[in-house]
Structure formats: C-alpha cells, structure tokens
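Colleague: Sequences listed follow chains L and Z, in order.
FYI, the working numbering numbers position 28 of the first sequence as 28, with every residue one higher than the one before it.
FYI, the working numbering numbers position 86 of the second sequence as 86, with every residue one higher than the one before it.
Since the hints were made in silico from the structure, they are not lab data.
Each residue gets a CB set at the ideal place from its N, CA and C atoms; glycine is no exception.
A hint or two may mislead.
Stated by the list, open to error - Only pairs whose alpha carbons sit at most 25 Å apart, straight line, appear in this in silico SDA-like list of lysine to any residue: (1) Lys70/Z with Ser110/Z; (2) Lys43/L with Val93/L; (3) Lys66/Z with Ala125/L; (4) Lys56/Z with Lys104/Z; (5) Lys65/L with Asp120/L; (6) Lys66/Z with Ala51/L; (7) Lys132/L with Asn27/L; (8) Lys90/Z with Glu35/Z; (9) Lys132/L with Lys56/Z; (10) Lys50/Z with Thr53/L; (11) Lys72/Z with Thr53/L; (12) Lys124/L with Cys49/Z; (13) Lys50/Z with Val93/L; (14) Lys50/Z with Lys70/Z; (15) Lys56/Z with Ile60/L; (16) Lys104/Z with Asp31/Z; (17) Lys132/L with Ser55/Z; (18) Lys103/Z with His88/L.
As the list claims (entries may be wrong) - What the simulated footprint calls covered on chain L by chain Z, stretch by stretch (three residues with Cβ under 8 Å from a Cβ of chain Z suffice, anywhere in the stretch; the number is not a length): (19) 53-67; (20) 71-83; (21) 106-114; (22) 118-130.
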Amino acid sequence: MCTAAVTFYELERKSESAKGWALAARNARNAAIGVILTVVVSKALDRLVDALTPDRLALISRENKFELTSHLQELHSVLAACCRDSQHEKGRVVRFLMADIENRTEDLGDIIEDLVLSEDEQFKALLSDCAKRISAPTKPELIERM
Amino acid sequence: MNECKIDATRSPQFDILRESWKNSGYPSIDDDLEEAFKSIRTNVQACQCKPVILSKEVLGDSLLFKYRAKNKASREGSRGGWRFYALFDKANGVLYPIIVYPKKAWQDASTELIKSCLAEIVAILRNSP
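Bound-form chain Z, shown alone (with noise of 0.2 Å):
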C-alpha cells in the first residue's frame, strides 16, 4: 500500500499536546504514538485511518486523516486508545500529525462534550511557554 514518511517534529502543537499529555497520567504516549507510526509508515492508511473532509481555505493542499492508536497504559484494551489527526503532504509522500487526544470508551457523544475536549486542548495550547 501507500508508504510515506512521518515528520512528528514540524508541529509545534502536536510537541505541545504530547509533552502536556504525558505529564497528565498517559506516561506511554511516546510509545503508544511510535507503534502506530511504524505501522503507517508501511500504509498511510493503517491506525483505521479515515479521511476528514475539509476546504482547501483550512487545510491549503493537505489533506487531513485521523488515526487510532492504542493505549497501553489503559485498561481498557484496543478500546478508547488515542486519537490523532494529520495532514498528509501528498505530493511529497510526508505526513504530519498535528493534535493527539486520548478517547475514553463508552464516552458520550454529545456535542458538549466533544467541544468540551476540543476547549481542553486549545487550552493546552493557549497555556503553553
């Protein structure tokens, strides 16, 4: 399938989310992250990558994907896990995660809740030196 390179560096708001997340009880992300990256490496499309569609106003000429990763420190197995979204530089084959969240299983789906997390990240974000 399709291989690609992965530049997890080029983000500072993914260097962000990671290093905040590992100091808030997910000790394991480091290694959660590069399992998944190993396995997308060989396939873009691996980690249940599914496409996000979006306009060319917010994502230029990338194309934006959101990945599963498992979680190893949590007990709740290939379940919850994490999430991360990426943009994929098609043309030169380079993809660059950008924000990583962790899932809980069995997590309500309300629309509050999901802009609840998405207003703990952008305040992660806000907050960082």
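Isolated chain L, as found in the complex (with noise of 0.2 Å):
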C-alpha cells in the first residue's frame, strides 16, 4: 500500500475513533464515566490533530480528501454539540476537561476549512489574483508601512 493510503487510513481511523470516543461521552450516563470519557475524547483528539499537518494532507488524494473532509465534519458537528452541551455543565473537573476539548474542536474546524476551500475553484482563483497583484512591481517604500 502506497505512503498516501496508509496516511489516509490512519487519519480516518483517527477520526472515527475520536467520534466514537465523543459520542460514548455525549451519551453518557455515569458522571464518572463521563469525566473518564471525556479524558479519552481530549486524548483522541489531540492525536488526529496533531496528525493532520499539511504535509500529511497534501500527500493525500483528491477522492480520500473529500472523503477524510467527510469524516471530520461529522467529528466537528458531534464535538461542538458536546460543547454546547457543556456551558451548562456545573462540574469543575468536567469544565476544566472541555476547555481543552473547546479549543481543538476550534482547530480541527480551521483544518475542515483548509481541506474544503483548498480543492474550490473560486478560492484559488482570488488567492491566484491576490497573488500576482502583490508579486507586480511596486515602489520600496510601501513595505514597513504598517
């Protein structure tokens, strides 16, 4: 198997575990078990954040990238209910647990966005003419001018 499909099915495998993970910890109904799942959620996600850097993703193919997007933005949706969920939560520990939850749901939202804006059209095109605007001759002294 190429170095792209085994990266592709690692970060799947990656995403689908961390959903799993933060629907068990939605759903549960312990409040200890709760907490211990919530623990397991931040650490799941730390792994397939860390695990999507652009380096990875560029060596993926267009199909698994729209395929991985998928994926992630089923992830992101079950994460951000966890975390409207958990402004009502009056539990310190639980509170303390979804800060960090709170932050990498925000980073794996950016990440969605790159994979999604990345493959359209329309954005690159802009990115394309903001590009050559800026790379057309100018005079020095507009640089250091903020």
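Put the two chains together into one complex; each comes in its own frame, and the hints tell you how they fit.
Modeller: Okay, structure coming up:
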C-alpha cells in the first residue's frame, strides 16, 4: 500500500475513533464515566489534530481528501454539540477538560475549512489574483508601512 | 524565531475586506490586526500560524499562511476571532496579508457554510468601488 493510502487510512481511523469516543461521552449517563470518557476524547482529539499536518494532507489523493473531509465534518458536528452541552455543565472537572476539547474543536474546524477551500476553484482563483497583484512591481517605500 | 516585515497595504483585497468588516459591526478590526502584526513581526509563525499547501500555479513563489487573531469586540474571548490568510515572500522576508474574515465559535464546519463564507468575501470584493 502506498504512503498516501496509509496516511489516509490512519487519519480516517483516528477520526472515527475520536467520533466514537465523543458520542460515548455525550451519551454517558454516569458522571464519573462521563469524566473518564471526556479525558479519552481529549486524548483522541489531540492525536488526530496533531496528525492532520499540511504535509500529510498534501499526500492524500483528491478523492480520499473529500472522504476524509466528510469524516472530519461528522466529528466536528459531534464535538460542537458536546461543547454546546458543556456550557450548562456545573462540574469543574468536566468544564476544565472541555476547555481543551473546545480549543481542539476550533483547530479541527480550521483544518476542515482549509481542506474544503484548497479544492475550491473560486478560492484558488482569488488567491491567484492576490498573488499576482502582490508580485507586480511596486515602490519600495510601501513596505513596512504598517 | 523568524522576524518579518508586514506590508498590509499591498493587497487591494485586504484593504477592501478590512474596510467592509469595519463598517459592518467589527469596529475593532484595525486594533485587532495591529496587535497580531506586532507578534508576527517578531515571529512569522506567531498567532497560531499554519501553512496552507497549494500549487505553485496558484501561489507563484510565495508561501501561504493562515493566522488567527483575537477579536476584542467579541464576547467569545480568544475563540472565534479573526482569521487571515497572508502570502509570505520568503526571499525578502515580507508578509502580505490578503484575506481577512471573522470566525464565530462553534460555527458549523459544513462545506455549504464554508462556501457561503467564501461567497460573501467574493461578493464584497466584486461590489467594491
């Protein structure tokens, strides 16, 4: 199996694992189990977000990128629901644990955004236009104006 | 770390977007961005900088970075805030911010929403005088 396929399956597995734990934590009836599952979600999310580096994502084929984006969007949706639920949470421990998950959820949202936009022709045209305008000759005094 | 110069006046798109957000309920944008630029000038990888990998056809010789900046006017604290893309001319050590937009916390990350945000940015740029 090629490196790109290994990378895709690894990221897909990590994403599905994080989603499974997040769903379990959200549905936990027992507070103590809920805390334990929240720790597990946090760790799974750390592993996933750390693995979603631009270099690795660049290796994945276009088709697999769409599939991975879809998995990540499902996970993001579950995590965002967990974060919204936790706003009513009174327990300090869970609130503390959720702060980390909230930050990681935001990181994940940014990664999804980059994945979607990097395949969007309108976005690429906009960037290309910006790059062309910037590379056009200009007066040196414009630099460091801000 | 890597110091850099910032030229936020070079991209007309960035100017247009900044003015547009300022006039549509985001009065702190200039201060927010200046604060972010201060950190980035001393370290180009500050403000949770993330490289975005796109082909040379799109970006030319520049690198594309994405940054986060706080929105002081937002009640969401450090979450949400601003996102901006900037092209980095590595040879000359100059960063050119090009696209800026506000991001709300807990926003959905669906493709439809992301594309509708992009459509809003494109509409602002198209309708500018």
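Colleague: Give a verdict on every hint.
Modeller: Tested hints:
1. Lys70/Z with Ser110/Z: holds, 23 Å
2. Lys43/L with Val93/L: Answer holds: Lys43/L to Val93/L is near 16 Å, not above 25 Å.
3. Lys66/Z with Ala125/L: The given pair, whose Cα atoms are some 17 Å apart, holds under the 25 Å limit.
4. Lys56/Z with Lys104/Z: violated, 31 Å
5. Lys65/L with Asp120/L: It holds: about 13 Å lies between the C-alpha atoms, which stays within 25 Å.
6. Lys66/Z with Ala51/L: Distance ~18 Å between Lys66/Z and Ala51/L Cα, so the pair holds.
7. Lys132/L with Asn27/L: violated, 51 Å
8. Lys90/Z with Glu35/Z: Holds, because 22 Å separates the two Cα atoms, which is no more than 25 Å.
9. Lys132/L with Lys56/Z: Distance ~12 Å between Lys132/L and Lys56/Z Cα, so the pair holds.
10. Lys50/Z with Thr53/L: Within the cut-off at roughly 9 Å; holds.
11. Lys72/Z with Thr53/L: violated, 29 Å
12. Lys124/L with Cys49/Z: holds, 20 Å
13. Lys50/Z with Val93/L: violated, 31 Å
14. Lys50/Z with Lys70/Z: Status holds; Cα separation ~16 Å.
15. Lys56/Z with Ile60/L: Within the cut-off at roughly 18 Å; holds.
16. Lys104/Z with Asp31/Z: holds, 18 Å
17. Lys132/L with Ser55/Z: holds, 14 Å
18. Lys103/Z with His88/L: holds, 23 Å
19. 53-67: Result for this restraint: holds, n = 4.
20. 71-83: Since 6 is at least three, the answer is holds.
21. 106-114: Holds, because 7 residues of the stretch 106-114 of chain L bring their Cβ atoms closer than 8 Å to Cβ atoms of chain Z.
22. 118-130: holds (count 10)
Hints 4, 7, 11 and 13 from the earlier list are contradicted by this structure; the remaining hints agree with it.
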